[in-house]
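Residue numbers (my numbering), protein chains in the order written: chain L, 6 to 312; chain P, 13 to 372.
Note that these hints are calculated values from the structure, not bench results. No residue lacks a Cβ here, since even glycine has one placed at the ideal position from N, Cα and C. Mixed in with the good hints there might be a few duds.
[As the list claims (entries may be wrong)] Now the in silico label distances, taken between C-beta atoms and shown as ranges:
id : chain 1 : residue 1 : chain 2 : residue 2 : range
1  : P       : T329      : L       : M9        : 49 to 57 Å
2  : P       : L194      : L       : P119      : 37 to 45 Å
3  : L       : L66       : P       : L194      : 50 to 58 Å
4  : P       : A30       : L       : R220      : 28 to 36 Å
5  : P       : A179      : L       : P128      : 44 to 52 Å
6  : L       : L66       : P       : G332      : 43 to 51 Å
7  : P       : A30       : L       : T164      : 55 to 63 Å
8  : P       : S48       : L       : I140      : 46 to 54 Å
9  : L       : K261      : P       : S253      : 41 to 49 Å
10 : P       : T329      : L       : E130      : 55 to 63 Å
11 : L       : A245      : P       : R230      : 27 to 35 Å
12 : P       : Y249      : L       : L66       : 42 to 50 Å
13 : L       : R220      : P       : I205      : 29 to 37 Å
[To be verified] Which chain L residues face chain P? A few, computed with CB under 8 Å, are given here:
id : residue
14 : I81
15 : I102
16 : F103
17 : G224
18 : L281
19 : L292
[Claimed, not checked] Keeping only pairs whose Cα atoms sit at most 25 Å apart, straight-line, the calculated SDA-like set for lysine to any residue is:
id : chain 1 : residue 1 : chain 2 : residue 2
20 : L       : K306      : P       : K19
21 : L       : K306      : P       : R304
22 : L       : K306      : P       : A242
23 : P       : K182      : P       : Q171
One-letter residues, chain by chain:
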Amino acid sequence: MELMIAILVTVVGAATPILIAALGELVVERSGVLNLGVEGMMLIGAIAGFVVQFHTGNPYLALLCGAAAGMAASLIFGFLTLSLSANQTATGLALTIFGTGFSALAGSSYSARPVTLMQPLFPAELATHPIAKVIFGYSFPIYFSFIMVVAIWYFLHRTRAGLILRAVGENDQSAHSIGYSVIGVRYLAVMFGGAMAGIAGACFPLLLTPQWAERMTAGRGWIAVALVVFASWKPFRLLAGAYLFGLVMTMELYAKAGGGPLSVIPSELWAALPYLATVVVLVLISLRRDASTNAPACLGKPFLPAN
Amino acid sequence: MQFRLEKRREPSRVMLYATPVAAVALTMILGAIIFSLIGYDGIGAVREIFLTPLTNSYKWQDLGIKAAPLIIIGTGLSIAYRANVWNIGAEGQYIIGGLAGTGVALLTWGMTGWWILPLMVLAGMLGGMAYASIPALLRTRLNVNEILTSLMLTYASVQLIYYLIRAPWKDPMGIGFPQTRLFSEAARLPTIIPGTIVHLGVPIAIVVAVIAWFIMTRSVFGYRMRVVGAAPHAARYGGFSEHKTIWLAMLVSGALAGLAGVLEVAGPFQRMVPGFPTNYGFTAIIVAFLGRLNPLGVIVAGVVLAITFVGGEVAQTTIGLPNAATGIFQAMMLFFLLAGDILIKYRVRRVVPQASAGAA
Numbered sequence: 006m007e008l009m010i011a012i013l014v015t016v017v018g019a020a021t022p023i024l025i026a027a028l029g030e031l032v033v034e035r036s037g038v039l040n041l042g043v044e045g046m047m048l049i050g051a052i053a054g055f056v057v058q059f060h061t062g063n064p065y066l067a068l069l070c071g072a073a074a075g076m077a078a079s080l081i082f083g084f085l086t087l088s089l090s091a092n093q094t095a096t097g098l099a100l101t102i103f104g105t106g107f108s109a110l111a112g113s114s115y116s117a118r119p120v121t122l123m124q125p126l127f128p129a130e131l132a133t134h135p136i137a138k139v140i141f142g143y144s145f146p147i148y149f150s151f152i153m154v155v156a157i158w159y160f161l162h163r164t165r166a167g168l169i170l171r172a173v174g175e176n177d178q179s180a181h182s183i184g185y186s187v188i189g190v191r192y193l194a195v196m197f198g199g200a201m202a203g204i205a206g207a208c209f210p211l212l213l214t215p216q217w218a219e220r221m222t223a224g225r226g227w228i229a230v231a232l233v234v235f236a237s238w239k240p241f242r243l244l245a246g247a248y249l250f251g252l253v254m255t256m257e258l259y260a261k262a263g264g265g266p267l268s269v270i271p272s273e274l275w276a277a278l279p280y281l282a283t284v285v286v287l288v289l290i291s292l293r294r295d296a297s298t299n300a301p302a303c304l305g306k307p308f309l310p311a312n
Numbered sequence: 013m014q015f016r017l018e019k020r021r022e023p024s025r026v027m028l029y030a031t032p033v034a035a036v037a038l039t040m041i042l043g044a045i046i047f048s049l050i051g052y053d054g055i056g057a058v059r060e061i062f063l064t065p066l067t068n069s070y071k072w073q074d075l076g077i078k079a080a081p082l083i084i085i086g087t088g089l090s091i092a093y094r095a096n097v098w099n100i101g102a103e104g105q106y107i108i109g110g111l112a113g114t115g116v117a118l119l120t121w122g123m124t125g126w127w128i129l130p131l132m133v134l135a136g137m138l139g140g141m142a143y144a145s146i147p148a149l150l151r152t153r154l155n156v157n158e159i160l161t162s163l164m165l166t167y168a169s170v171q172l173i174y175y176l177i178r179a180p181w182k183d184p185m186g187i188g189f190p191q192t193r194l195f196s197e198a199a200r201l202p203t204i205i206p207g208t209i210v211h212l213g214v215p216i217a218i219v220v221a222v223i224a225w226f227i228m229t230r231s232v233f234g235y236r237m238r239v240v241g242a243a244p245h246a247a248r249y250g251g252f253s254e255h256k257t258i259w260l261a262m263l264v265s266g267a268l269a270g271l272a273g274v275l276e277v278a279g280p281f282q283r284m285v286p287g288f289p290t291n292y293g294f295t296a297i298i299v300a301f302l303g304r305l306n307p308l309g310v311i312v313a314g315v316v317l318a319i320t321f322v323g324g325e326v327a328q329t330t331i332g333l334p335n336a337a338t339g340i341f342q343a344m345m346l347f348f349l350l351a352g353d354i355l356i357k358y359r360v361r362r363v364v365p366q367a368s369a370g371a372a
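For reference, chain L alone in the conformation it holds in the complex (with noise of 0.2 Å):
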């Protein structure tokens, strides 16, 4: 029982920031961008959350700095594929390349040096029996991850605002034509998603592993892009996928610890299952025959006005 329990909790802090980076790129899709740069605005989010937790201690000045650092990066995007009509992988891989340069050259005075992790958000009280620990022993960024699913859901297929967003991805020229700036709100989307992958990328220092490394990010922002490809856009299914993974990267946990039946596999398998994983689910998600018509309609194309 404890033992599950435990595993529960890893598993939810594993899954956290893949989901918060995933949910973040979903709402990019649905206007019809592809940002393959999430994994840079990851590792730029990571380092400006540690440098702030770093210095001043404050987890939530380092996720919002987290915030402002990849949407910052992800501007550098939106202006080359949205204002100048860059090609959008390309821009992407150039962002991605970009965000593993930029963190390390931050980051290279702070190898080593520890960070204290995030403290729950309830007081320990509510937590101390096992089932409690589940509901309430975690910290902020995992009940945001939450939260974000049911708004970012919403706000798709309820207001006003998602209904245009996803015009804009599916049918950019009549939605042009009707009068909705396709550029603006293809802006605003490539900003929330760059917010959301540099909070992603702050979890790692501030949940995961409280010191700064290079790379920390380890291709966990390239599984985000592809699990928004596996829940063929739709927010529920991101949180399905996310603590799938999340129980994939556990179980290497353990084997790692050394012990039980999990060590039996090398432990370097182990390491490469979360990518193995992934292209797993991709052939699967690609047998089901709706899969790839829910693709907004618009991805990954330029949008030039034809007047």
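Given chain L's structure and the hints, the job is docking chain P onto it.
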């Protein structure tokens, strides 16, 4: 004063070749400003990263051996990207190529014979091809996006290195180091200039790029790649199968990434070590774009990126610039290049206010 973008009747060839040069120049200027602002010697950084490797003849051999893998991988990627096939897992194909070559070197350890190196090269190219065929198969059979699969396989291949050199391929005399034994003489790439570290891979890179240029401009294969990439509908109408083109693009780019991997392990490394993933596969993406997806351009772009690598190391020792600065300069180059692409299709026009419009 206002500016407006006006569509050109046809893409500007001048801009096609001028923008990469401008991108490098702008990177140097903006790089100097940014690095000064964050407290480094900005002008010094640009001088050390971009000029010292060229003016210091001792660094030329480093340039050659750093440029070779970038040119080989970049050539393959430029062919794939021309066909609109987004293989971004070249790093993984490079790693599997290196591992396949290592496998042959370890199997033939202690043997002599001229055939060992060619066999390693063959194994490396087949290894890279095999690894690239996974995203190709998934894309053509199941319509799975090759960007994500090729990249995920890269992360997995890194773990494969760690596993092999920690367990089955570990050097028995290695006092605990996770690495393979040093290759025997017959499995090492010979140097071509006595007294230097310039190995056979450098001329091979040039030959590969020139052959690729010839094929891309003069053969049906090249025509197919370009047509499928530029106008997929016309290509289908013209009888070029899209699936076959995806396969060709992935296999060629995978084989070349694998070739770079085996040349790297038999040349500079001479054994498989944990540091073998050198990021060449990712940097080659920049090389391909900076070279305008043209194999001859890739030769120049490969040298430019090699300069930043070598210069980055120089700047690290001389002015204490962290190694990561190289990556920022490389990414900036790509940003500027992509931003400049708009000038190929559009021209910037000054908007002159109309004097007649209700001026009275």
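Verification of the supplied hints:
1. The hinted range of 49 to 57 Å is satisfied by P/T329 and L/M9, whose Cβ atoms lie roughly 53 Å apart.
2. Under the hint 37 to 45 Å, the C-beta atoms of P/L194 and L/P119, about 39 Å apart, fit the expected range.
3. Taking 50 to 58 Å as the suggested C-beta distance range, the pair L/L66 and P/L194 conforms, at roughly 52 Å.
4. For the pair P/A30 and L/R220, the supplied restraint of 28 to 36 Å holds, since their beta-carbon distance comes to about 35 Å.
5. For P/A179 and L/P128, the Cβ-Cβ distance of about 48 Å falls inside the hinted range of 44 to 52 Å, so the restraint holds.
6. Evaluation of the 43 to 51 Å hint for L/L66 and P/G332 yields a failure: the beta carbon distance comes to about 30 Å.
7. Checking the proposed 55 to 63 Å range against P/A30 and L/T164 shows it is violated: the Cβ atoms sit about 47 Å from each other.
8. The hinted window of 46 to 54 Å between P/S48 and L/I140 holds, with their beta carbons roughly 52 Å apart.
9. About 46 Å separates the C-beta atoms of L/K261 and P/S253, a value consistent with the hinted range of 41 to 49 Å.
10. Separation of P/T329 from L/E130 is about 56 Å and conforms to the stated range, judged on CB atoms against 55 to 63 Å.
11. Here the CB-CB span from L/A245 to P/R230 is close to 52 Å, at odds with the stated 27 to 35 Å.
12. Roughly 59 Å separates the CB atoms of P/Y249 and L/L66, a value that falls outside the hinted 42 to 50 Å.
13. Between L/R220 and P/I205 the CB atoms are about 36 Å apart, so this pair conforms to the stated range of 29 to 37 Å.
14. For L/I81, the interface hint holds, the least distance from its beta-carbon to any beta-carbon of chain P being 7 Å, beneath 8 Å.
15. Hint status for L/I102 relative to chain P: holds, with the closest Cβ pair at about 4 Å, below 8 Å.
16. At its closest, the beta carbon of L/F103 sits 3 Å from a beta carbon of chain P; the interface hint therefore holds under the 8 Å criterion.
17. The beta carbon of L/G224 comes within 5 Å of a beta carbon in chain P, closer than 8 Å, and the hint placing it at the interface holds.
18. Residue-level restraint check for L/L281 holds (minimum Cβ-Cβ distance to chain P is 6 Å; threshold 8 Å).
19. Here the hint on L/L292 is kept, as its CB sits about 7 Å from the closest CB of chain P, short of 8 Å.
20. For a cut-off of 25 Å, the pair hint linking L/K306 to P/K19 stands: about 18 Å separates their Cα positions.
21. For the hint pairing L/K306 with P/R304, the CA-to-CA distance comes to about 21 Å; that is within 25 Å, so the pair holds.
22. Taking the CA atoms of L/K306 and P/A242, the gap is near 14 Å; set against the 25 Å cutoff, the hint holds.
23. The hinted pair formed by P/K182 and P/Q171 meets the criterion: a straight-line CA distance of about 15 Å does not exceed 25 Å.
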